[in-house]
Amino acid sequence: MVSFFFRRLLHAIAVMVIAVTLGFSLVHLAPGDAMTGGVMQAGRTTEARDRMRANAGLNLPLSTQYTRFVRGALRGDLGRSFTDDQPVVTVLWTALRRSLVLAGAGLIAAIALGLLVGSAQGWYPQQRAFRWVGGALTALYAVPEFVLAIALLGTLAYGAGWFPVGGMNDPVTSLLGSATERYADALRHVFLPALTLALGWSAAVARQQRAAIADSSSADFVRTARAKGRSEFAALIHHALPTTVAPVLAVIGLMIPALVGGSVIVEIVFAWPGLGAQVVHAVAARDVPVVSGAIIVIALLVAISSLLIDMAIRVVDPRQRTVRSHES
Amino acid sequence: MKRASAVLLLIVALALLAPLVAPYDPAAQLDIVALKNSAPSFAHWLGTDPYSRDVFSRAVFGARTSLTVAALATLLATLVGCMWGACAASVSDRLGDALMSVVEVLRSVPRVLVFLSVSVLLGPLSAVTLALVLGATAWTGTSRLVYVLVRDISARPFVEAAQAVGASRWRVMQRHVMPQLLNPIVASGALLLADILAVEAGLSFIGLGVRPPGASWGSMLQDGLPFLQSAWWLAAVPSLLLVATVLSAAGIADRLESTSAGHADAKKRRTER
Amino acid sequence: MRHPITCRLVTTALACVALNSCSKSDAAATRSSRSSVLTISTAVDADALIPPLVSTTQGKQAVDMLFDFLAEAKSPLSTTGDAGFAPQLAARWQWAADSLSIAFSIDPRARWHDGTPVRAKDVRFSFALFTDPVVASMHASNFVGIDSVSVRDSLTAVVWWHQRHPEQFFQIAYNLAIMPEHLLSKVPRDSLLRSAFADHPVGSGRYRFTKWNRQHDLMIEADTSNYRGAPSATRIVWVVAADPTAASMSVLAGQTDLLEFVRGDAYTQTKKSSTVRAVEYPSLDYAYLLFNYERTVSGSRRLFADHALRVALSQTIDRAAVVANALDSLGRVALGPFTRVTDAVDTTMRQITFDTASAARALDSLGWKMDSRDGLRHRAGRTLQFSLMVPATSTTRKRVAVLLQSQLKAIGIQAEIDAVEAQVFGARLAKGDFDAAINAWRTDPSPATIRQVWRTVRGKDVEANYGRYSNLTFDAAIDSAAVMFDPARRRTLYRTAYQSIVDDAAAVWLYEPQNFAAINARVTPVGMRADAWWAALPNWRVAEAVAR
Numbered sequence: 001m002v003s004f005f006f007r008r009l010l011h012a013i014a015v016m017v018i019a020v021t022l023g024f025s026l027v028h029l030a031p032g033d034a035m036t037g038g039v040m041q042a043g044r045t046t047e048a049r050d051r052m053r054a055n056a057g058l059n060l061p062l063s064t065q066y067t068r069f070v071r072g073a074l075r076g077d078l079g080r081s082f083t084d085d086q087p088v089v090t091v092l093w094t095a096l097r098r099s100l101v102l103a104g105a106g107l108i109a110a111i112a113l114g115l116l117v118g119s120a121q122g123w124y125p126q127q128r129a130f131r132w133v134g135g136a137l138t139a140l141y142a143v144p145e146f147v148l149a150i151a152l153l154g155t156l157a158y159g160a161g162w163f164p165v166g167g168m169n170d171p172v173t174s175l176l177g178s179a180t181e182r183y184a185d186a187l188r189h190v191f192l193p194a195l196t197l198a199l200g201w202s203a204a205v206a207r208q209q210r211a212a213i214a215d216s217s218s219a220d221f222v223r224t225a226r227a228k229g230r231s232e233f234a235a236l237i238h239h240a241l242p243t244t245v246a247p248v249l250a251v252i253g254l255m256i257p258a259l260v261g262g263s264v265i266v267e268i269v270f271a272w273p274g275l276g277a278q279v280v281h282a283v284a285a286r287d288v289p290v291v292s293g294a295i296i297v298i299a300l301l302v303a304i305s306s307l308l309i310d311m312a313i314r315v316v317d318p319r320q321r322t323v324r325s326h327e328s
Numbered sequence: 001m002k003r004a005s006a007v008l009l010l011i012v013a014l015a016l017l018a019p020l021v022a023p024y025d026p027a028a029q030l031d032i033v034a035l036k037n038s039a040p041s042f043a044h045w046l047g048t049d050p051y052s053r054d055v056f057s058r059a060v061f062g063a064r065t066s067l068t069v070a071a072l073a074t075l076l077a078t079l080v081g082c083m084w085g086a087c088a089a090s091v092s093d094r095l096g097d098a099l100m101s102v103v104e105v106l107r108s109v110p111r112v113l114v115f116l117s118v119s120v121l122l123g124p125l126s127a128v129t130l131a132l133v134l135g136a137t138a139w140t141g142t143s144r145l146v147y148v149l150v151r152d153i154s155a156r157p158f159v160e161a162a163q164a165v166g167a168s169r170w171r172v173m174q175r176h177v178m179p180q181l182l183n184p185i186v187a188s189g190a191l192l193l194a195d196i197l198a199v200e201a202g203l204s205f206i207g208l209g210v211r212p213p214g215a216s217w218g219s220m221l222q223d224g225l226p227f228l229q230s231a232w233w234l235a236a237v238p239s240l241l242l243v244a245t246v247l248s249a250a251g252i253a254d255r256l257e258s259t260s261a262g263h264a265d266a267k268k269r270r271t272e273r
Numbered sequence: 001m002r003h004p005i006t007c008r009l010v011t012t013a014l015a016c017v018a019l020n021s022c023s024k025s026d027a028a029a030t031r032s033s034r035s036s037v038l039t040i041s042t043a044v045d046a047d048a049l050i051p052p053l054v055s056t057t058q059g060k061q062a063v064d065m066l067f068d069f070l071a072e073a074k075s076p077l078s079t080t081g082d083a084g085f086a087p088q089l090a091a092r093w094q095w096a097a098d099s100l101s102i103a104f105s106i107d108p109r110a111r112w113h114d115g116t117p118v119r120a121k122d123v124r125f126s127f128a129l130f131t132d133p134v135v136a137s138m139h140a141s142n143f144v145g146i147d148s149v150s151v152r153d154s155l156t157a158v159v160w161w162h163q164r165h166p167e168q169f170f171q172i173a174y175n176l177a178i179m180p181e182h183l184l185s186k187v188p189r190d191s192l193l194r195s196a197f198a199d200h201p202v203g204s205g206r207y208r209f210t211k212w213n214r215q216h217d218l219m220i221e222a223d224t225s226n227y228r229g230a231p232s233a234t235r236i237v238w239v240v241a242a243d244p245t246a247a248s249m250s251v252l253a254g255q256t257d258l259l260e261f262v263r264g265d266a267y268t269q270t271k272k273s274s275t276v277r278a279v280e281y282p283s284l285d286y287a288y289l290l291f292n293y294e295r296t297v298s299g300s301r302r303l304f305a306d307h308a309l310r311v312a313l314s315q316t317i318d319r320a321a322v323v324a325n326a327l328d329s330l331g332r333v334a335l336g337p338f339t340r341v342t343d344a345v346d347t348t349m350r351q352i353t354f355d356t357a358s359a360a361r362a363l364d365s366l367g368w369k370m371d372s373r374d375g376l377r378h379r380a381g382r383t384l385q386f387s388l389m390v391p392a393t394s395t396t397r398k399r400v401a402v403l404l405q406s407q408l409k410a411i412g413i414q415a416e417i418d419a420v421e422a423q424v425f426g427a428r429l430a431k432g433d434f435d436a437a438i439n440a441w442r443t444d445p446s447p448a449t450i451r452q453v454w455r456t457v458r459g460k461d462v463e464a465n466y467g468r469y470s471n472l473t474f475d476a477a478i479d480s481a482a483v484m485f486d487p488a489r490r491r492t493l494y495r496t497a498y499q500s501i502v503d504d505a506a507a508v509w510l511y512e513p514q515n516f517a518a519i520n521a522r523v524t525p526v527g528m529r530a531d532a533w534w535a536a537l538p539n540w541r542v543a544e545a546v547a548r
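Chains as they are written, first to last, in the working numbering: chain A, 1 to 328; chain B, 1 to 273; chain C, 1 to 548.
Next comes chain A alone, as it looks inside the complex (with noise of 0.2 angstroms):
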């Protein structure tokens, strides 16, 4: 356990060391430095921006601005945005705590809807409607997320108009209104974003669970207790359930990088003002601050995500243990 542990902490050092060198390699090697490329600093004069440039330390040498770049990363400095001349954080922080929120709703749905489809049709195999809804389930894993977004845009909130075409929340309300009314307005903006992660991520859940399931549910244990009389739901709940935690949890932990990227691509068409709205806008402002903060800030969001993930395998399923550290 410690060993593994050890070695998935490694894991997880490496990308962080990849992803602080890819974004410190932005910042010098993208066009333009802060002091030329900001654009706060179009007024300004030559004199200005070169004793700027002196106190940034842009005159020392790569190596030492490395260090210091690491260094301020690891205090939790990443500089400042080109664009607004807000601390890189404070930008990151906003944004990512709004895509914590929607990702996690999306997750939470895809776990939930991909767990319920799995179980009924690895329970009923036979079951015409299930196998239907699996099916569809596994078409829509494969529509790309921002056509699904689309669709379900222009049906149910530019169409139907029962949802709102975009936003995190009717700023009026979330300014005065009250506690439940806030709760309520935030509940019809994450829906249709939430809904669309979840259509696309729920296949690979249920197709993980029904396997799961249809294993499981030939197993001694699973046998022992409809022997006992106990009815097939009760089955299913109490024993079969379990068992199918940590494939599941696994089929979570591969997915988390995918889950970065397919909320990037939702939280724009929805005009959700997340992590992924963020940078798309750095990217087109080319504020390079901004752009290496979100990489170091992904990456290491997703690095301590697998590890949790990992680490709560093992937990859930002690079976995992033997069987990971034979194979590695």
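Since the hints were made in silico from the structure, they are not lab data. Don't take each hint at face value.
[Unchecked claim] Quick list of in silico lysine to aspartate or glutamate cross-link-like pairs, EDC-like style, CA-CA up to 20 angstroms:
hint	chain 1	residue 1	chain 2	residue 2
1	C	Lys398	B	Asp31
2	C	Lys211	A	Asp85
3	C	Lys409	B	Asp31
4	C	Lys431	A	Asp85
5	C	Lys409	B	Glu160
[Stated by the list, open to error] Here are some of the chain A residues that sit facing chain C, going by a computed Cβ distance under 8 angstroms:
hint	residue
6	Leu74
7	Asp77
8	Thr83
9	Asp85
10	Asp170
11	Pro171
12	Val172
13	Leu176
14	Ala179
15	Ala284
16	Ala285
17	Ile313
Remember, predicted model here, so these are calculated numbers, not experimental data. Note that CB positions come from ideal geometry on N, CA and C, so glycine has one too.
Got chain A; can you put chains B and C on it based on the hints?
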């Protein structure tokens, strides 16, 4: 499988024969005053766009861009992936392990980060650069697949037997391992193609893809989005083509996978995009 | 482990139910709270809320609500003399006998939002801040010719000029937003944007600052005890949408009350809507194909400095068709660097007409020969091509760029569209980092300020003459016009200047939009001025929401 192949073949044929099939020059603005956003009609099967360009012509030429980029990227990713995986499987355990660790690390760097970096550095990309970037970020899955398969097959009794009777390593590879690999690799290639098509369209959609005025399905979709209510065909045509292509490629992959040996691992791969 | 899973399922299911039941009661509840709130939809966030550092209209809108000016321009705006102005922060003013100074008496009732009274020294301080080179305000040039501001007594500020001209009063009263010295004097001038004031500006206007979530929303609220009276709407909120389409959708869906421009599809839908109206207001905007005269393009040094080439380019563009496509009936072909409502403009003036045949002949004689293999023109082995920069946030200009690209291609010129984010667009214009760009300019109400954009510049500071255009005939005529007190002679001089710049094909004058704002029927706009539709925003009436 048959239906999926037919759909894919049809779309590929349209793309290949684009200059013959397309009734108009895809970039020609036919009459910017009288013909903008005109609905599908006999003269313009799929209508025209805000610049009075023929949507059908743009769609088939867009297919060229989208499919070429995706095909190139898939080819690149498959080649690199196969080579890396096979190498890792044929060298010593420790070195192989190290090579695969590199894959594990690369795999956990979200692709979107690479695209963002490249876009910041280079601005809008040419089709070839785009294909290179897409390919360079897509090979890790294939390499894992090949690594697992090669090791798996090499451990089977008949391979061990062949080695015992003194067959050379290369010969064993050629005679016994490679044929077993073909199917899963083609399956994973088809899946990659579907995946890369979607990613490419997504990138063009958020403005990080092919430079205008070159049409790709993603950029057509982006152009059509503001007209979702008044000129639905602008977004609908590229969406449907994209979905049809992606679904049929995925369908073919699925069928190939289930007939091949290493399908469990290949299926696991699907979750990694 | 079984519990978490079942619990999750249940909570999600409950959430779905709650969602449906809440949405109806929610609408009724928010209607009452939003009744006196005015929400403005925008695709671009304010850039700053410190007047000298504001460059976006969104920032200007908020700043005009938060801060006061010495006098308030009446509608319609007149820029000569002081007849077109009513008291604002200055209760009255007194011209010196030689007209070289004006003494403004500050309204003694005026208070900053923190309760401190407004004093004459604040006027002196604000002038110093606007004109300090360290602050590097893009508005500093508005104060050229003003020598200084002195404090006669605590409530009297005197503004001094080097030389008299017809627009003296306008120059100071219209441009100088008054800021509190006691809050800003200790802030380092080169890092104003990092100060606490930047995050929480304090003015003396009829609205006070509430909060600003960058790229999301900006809210201000009524200053109920303001010396000029409490405004009508209790709060104004700017809501930043992801893009222009989303911004217009939110107004059409009734989520927000106002969008300053609607074009194309959104205009058609506004016309059809029963809850949202399209309200026209006069426009001072024009858009043009801007050339960078200094740039080496297609291997030729200062390519666009060639008059014959510019004329050929102008003849290549079918401006009438471009305008018809991009703006429908909502725009007209621009005549020059001014609009049809600009003082002294002769709408029948001579124009360069669409004539591809003579454009082709001109390009041939300049040595740019058509190569039938690639359909492009070449000279000395170089292709005639340039990049065409447009702001990605402007749907109309992006559309126009694609139309121009195709028309240029038809005559053998390759234009590569470079769509960049609004802020990048501005920065690159200022740095001269472009070949050609489609720029839009909101003309200042004062015709003399055309000099900021088109007068010859020397040295590093280009003001807004981003392409470094130079035309000495134009300069001479416009300079004389600016200081001419006789209306008839001033008019003649302006006409000479205008005709000269149009004949010179300084740019391809593309379009002059007609402005339509989409405004929810519950809002009654008043006093929408060409230069600032929001000028009388505090007086707009906001009623109960109209049922959707």
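20 angstroms Cα cutoff - pair Lys211 (chain C), Asp85 (chain A):
holds, 18 angstroms
Would the stated hint for Ile313 (chain A) survive a check requiring a Cβ distance to chain C of less than 8 angstroms?
Not OK, violated: Ile313 (chain A) not within 8 angstroms of chain C, min 12 angstroms.
Are Lys398 (chain C) and Asp31 (chain B) close enough, with their CA atoms no more than 20 angstroms apart?
Roughly 18 angstroms between the alpha carbons, so the hint for Lys398 (chain C) and Asp31 (chain B) holds.
Would you settle whether the hint for Val172 (chain A) is holds or violated, based on the nearest Cβ-Cβ distance to chain C being less than 8 angstroms?
holds, 5 angstroms
Compare the distance between the alpha carbons of Lys409 (chain C) and Asp31 (chain B) with 20 angstroms, and conclude whether the hinted pair is satisfied.
Within the cut-off at roughly 15 angstroms; holds.
Can you verify the interface hint for Asp85 (chain A): is its Cβ closer than 8 angstroms to any Cβ in chain C?
Hint on Asp85 (chain A): holds, closest Cβ of chain C at ~5 angstroms, below 8 angstroms.
Is the shortest C-beta separation between Leu176 (chain A) and chain C less than 8 angstroms?
Hint on Leu176 (chain A): holds, closest Cβ of chain C at ~5 angstroms, below 8 angstroms.
Is the hint on Thr83 (chain A) kept, meaning its closest Cβ partner in chain C is under 8 angstroms away?
The hint holds - Thr83 (chain A) has a Cβ within 8 angstroms of chain C, the shortest such distance being about 5 angstroms.
The hint names Ala285 (chain A) as touching chain C; please verify it with the least Cβ-Cβ distance against 8 angstroms.
Since chain C brings a Cβ to about 4 angstroms from Ala285 (chain A), closer than 8 angstroms, the hint holds.
For the pair we were handed, Lys409 (chain C) and Glu160 (chain B), check the Cα-Cα distance against 20 angstroms.
violated, 66 angstroms
Cut-off 8 angstroms, beta-carbon criterion: hint that Ala284 (chain A) touches chain C:
Holds. Min distance 4 angstroms.
Given a cut of 8 angstroms on the nearest C-beta pair, is the interface hint for Ala179 (chain A) held or broken against chain C?
Violated. Min distance 12 angstroms.
Checked against the numbered hints above, the structure violates hints 5, 6, 7, 14, 17; every other hint is satisfied.
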